[in-house]
Amino acid sequence: NAGVTQTPKFQVLKTGQSMTLQCAQDMNHEYMSWYRQDPGMGLRLIHYSVGAGITDQGEVPNGYNVSRSTTEDFPLRLLSAAPSQTSVYFCASSYYGGANEKLFFGSGTQLSVL
Amino acid sequence: KQEVTQIPAALSVPEGENLVLNCSFTDSAIYNLQWFRQDPGKGLTSLLLIQSSQREQTSGRLNASLDKSSGRSTLYIAASQPGDSATYLCAAHSGGGADGLTFGKGTHLIIQP
Numbered sequence: 508n509a510g511v512t513q514t515p516k517f518q519v520l521k522t523g524q525s526m527t528l529q530c531a532q533d534m535n536h537e538y539m540s541w542y543r544q545d546p547g548m549g550l551r552l553i554h555y556s557v558g559a560g561i562t563d564q565g566e567v568p569n570g571y572n573v574s575r576s577t578t579e580d581f582p583l584r585l586l587s588a589a590p591s592q593t594s595v596y597f598c599a600s601s602y603y604g605g606a607n608e609k610l611f612f613g614s615g616t617q618l619s620v621l
Numbered sequence: 002k003q004e005v006t007q008i009p010a011a012l013s014v015p016e017g018e019n020l021v022l023n024c025s026f027t028d029s030a031i032y033n034l035q036w037f038r039q040d041p042g043k044g045l046t047s048l049l050l051i052q053s054s055q056r057e058q059t060s061g062r063l064n065a066s067l068d069k070s071s072g073r074s075t076l077y078i079a080a081s082q083p084g085d086s087a088t089y090l091c092a093a094h095s096g097g098g099a100d101g102l103t104f105g106k107g108t109h110l111i112i113q114p
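Just so you know, the protein sequences line up as chains A and B, in that order. Counting in the numbering used here, the first sequence runs from 508 upward without gaps. Counting in the numbering used here, the second sequence runs from 2 upward without gaps.
Just chain A, with the same shape it has in the complex (with noise of 0.2 Å):
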């Protein structure tokens, strides 16, 4: 049983590099998200998807892009790094994103911004 799988573990990019950053769910789940963790912060939502063609913005938007073709898959997208995105980053997904489901999350991306 995957769960939620993200690809790739580590990540070094140039600044002005673009990567797209994977998450994948088997477990039939309609709400997917991500967040990231810096260290003496809490986790911050990025962006999150109710369902495939739909996705909304979270609390720190700015720099990233996503879009939910499938159910399956949300990909997040940095268009032109920069070394304030250096963090972990963590895929998100519930069944519907209801407010007392439980959240499954992924292992998780370094990503490091040179």
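Because the hints were derived from the structure by calculation, they are not lab data. The C-beta atom is built at its ideal place from N, Cα and C for all residues, glycine as well. Do not take every clue at face value.
[Claimed, not checked] If you anchor each label on the Cβ, the simulated ranges turn out as follows:
| no. | chain 1 | residue 1 | chain 2 | residue 2 | range |
| --- | --- | --- | --- | --- | --- |
| 1 | B | Pro83 | A | Thr512 | 41 to 47 Å |
| 2 | A | Thr512 | B | Pro41 | 17 to 23 Å |
| 3 | B | Lys43 | A | Ser591 | 20 to 26 Å |
| 4 | B | Ala80 | A | Pro568 | 17 to 23 Å |
| 5 | A | Leu621 | B | Ser71 | 21 to 27 Å |
| 6 | B | Pro83 | A | Gly560 | 23 to 29 Å |
Given the coordinates of chain A, work out where chain B should sit on it, guided by the hints.
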């Protein structure tokens, strides 16, 4: 805006002790309060979810309580074991959907063998 604070930031105790982790939140109008565990290099695992109408939830050696009026939740770990070493995060749910979660910074717990 909801703010969630966890005290202490780090805690080290000998194996076998009972311990309490604290979580406070500024806006008492929450749907639920969740506790997560995070192991190094791993994602978060949901431990307990207390709905706003509940006072506590139990799972094995873990017991979480919620006092909305005072804006506090505690996670009680009984008979601690080295395998309990991890970072514990609480998150208050203020919105209508999963996007309404506000996380604390976590308590880094070390259980000494």
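Each hint tested on the structure:
The beta-carbon spacing between Pro83/B and Thr512/A, approximately 29 Å, falls outside the hinted interval of 41 to 47 Å. At about 19 Å, the beta-carbon gap between Thr512/A and Pro41/B stays in the expected band of 17 to 23 Å. Between Lys43/B and Ser591/A the CB atoms are about 25 Å apart, so this pair conforms to the stated range of 20 to 26 Å. Range check, Ala80/B to Pro568/A: about 44 Å between beta-carbon atoms, so the 17 to 23 Å window is missed.
Here the CB-CB span from Leu621/A to Ser71/B is close to 46 Å, at odds with the stated 21 to 27 Å. Taking the beta carbon of each, Pro83/B and Gly560/A are about 47 Å apart, not inside 23 to 29 Å as hinted.
Of the numbered hints listed earlier, those contradicted by the structure are 1, 4, 5, 6.
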